[in-house]
Amino acid sequence: MTDKATAGIWHWLLGAWMLLVIYGAFFYAPTAQGFVGESARIVFFHVPQAWVSVLAFCVNLWASLRYLARRDPLDDARAAAAARLGLLFCTLATVTGSLFAKVMWGEFWNWDPRQISIVILLLVYAAYFALREAIADEERRGGLAAAYATLAFVTMPFLVFVVPRIYFSLHPDTLINVRGSIDMEPRMLRVLLASLVGFTGIFVWLYTLEVKLARVLIARQRRGES
Amino acid sequence: MPAADSLVWVAAVTTIIWVGLFAYCLALTRRIRRLEEDR
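These protein sequence lines map, in sequence, to chains L and E. Taken in order, the first sequence gives residues 1 to 226; the numbers are from the working numbering. Taken in order, the second sequence gives residues 1 to 39; the numbers are from the working numbering.
The set of hints was computed from the structure by calculation and includes no laboratory data. It should be emphasised that the depicted structure is a prediction, and the values quoted were computed from it without experimental measurement. We treat Cβ as the ideally placed atom computed from N, Cα and C, and that holds for glycine. There may be inaccurate statements among the hints.
[To be verified] Using C-beta positions, here's what the derived DEER-type ranges look like:
no., chain 1, residue 1, chain 2, residue 2, range
1, L, Q33, E, E36, 50 to 58 Å
2, E, L26, L, F158, 18 to 26 Å
3, E, V8, L, A69, 29 to 37 Å
4, L, I135, E, R34, 23 to 31 Å
5, L, R190, E, R34, 22 to 30 Å
6, L, L217, E, A12, 33 to 41 Å
7, E, E36, L, I120, 35 to 43 Å
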């Protein structure tokens with residue numbers, strides 16, 4: 001079997017897996033207590049999106065450090081792809097979170113520490129792309145973007161994990177709560193873990209595609225230069 | 001089956017996001033395949 005055929009099978013398996021997750025989220029997991037209507041079911045998608053954004057920013061750091069060490073344009077493309085996906089999933093997590101906020105607390109925006117810190121994180125990584133767009137020279141852009149990404153990453157754990165735990169927040173307990181335990185109904189936990197696997201899978205797929213595209217474009221550019 | 005009061009919007013948002021991501025992946029795969037064939 002060719003690599004393309006194997007990849008195709010994995011992609012459709014991932015699609016089927018996520019259809020099962022969607023089914024599980026609405027028909028297998030019970031209704032959560034203490035939430036308005038069925039709003040808590042958003043957790044099966046909101047938490048994995050937030051997890052994938054953290055994962056993507058970690059990949060962005062790894063690729064940026066690699067670029068600083070080796071100056072390979074593909075590493076710069078890897079870093080940009082990871083940051084782009086991190087920004088996409090962080091935006092999705094913010095949107096799903098604000099929809100949940102509207103149902104639970106009556107407003108999309110509540111000046112909650114969790115909301116503020118995630119928007120600051122979005123701005124930090126949006127600035128990464130503003131920086132990239134502002135520099136025409138590829139090598140200079142790669143170096144500066146990698147240095148900025150390294151510094152940006154330092155803010156990530158602080159904004160995602162620390163700030164929301166310091167101040168009072170309307171946000172429900174995180175998956176692993178402040179007591180260090182997971183207080184979730186077993187069926188809900190199963191669906192959530194399955195969704196985490198599915199979203200990680202689609203991140204890997206998207207990232208691989210973005211890097212593949214960058215590789216083709218870099219090769220084209222080099223052929224054009226020679 | 002869960003109560004339908006706030007289920008519709010949760011289902012709509014999550015399904016749109018998931019289908020959108022999956023469709024984007026498939027479109028990107030096709031674009032890369034075309035670029036590779038051109039090469």
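Hints, one by one, checked against the model:
At roughly 52 Å, the beta carbons of Q33 (chain L) and E36 (chain E) sit within the given window of 50 to 58 Å. Between L26 (chain E) and F158 (chain L) the CB atoms are about 37 Å apart, so this pair departs from the stated range of 18 to 26 Å. Under the hint 29 to 37 Å, the C-beta atoms of V8 (chain E) and A69 (chain L), about 51 Å apart, miss the expected range. Between I135 (chain L) and R34 (chain E) the C-beta distance comes to about 30 Å, which sits within the given range of 23 to 31 Å.
For the pair R190 (chain L) and R34 (chain E), the beta carbons lie near 40 Å from each other, so the given range of 22 to 30 Å is not met. Separated by about 35 Å at the C-beta atoms, L217 (chain L) and A12 (chain E) satisfy the suggested range of 33 to 41 Å. A beta carbon spacing of about 40 Å between E36 (chain E) and I120 (chain L) agrees with the range 35 to 43 Å that was offered as a hint.
Comparing the model with each earlier hint shows violations of hints 2, 3, 5; every other hint is respected.
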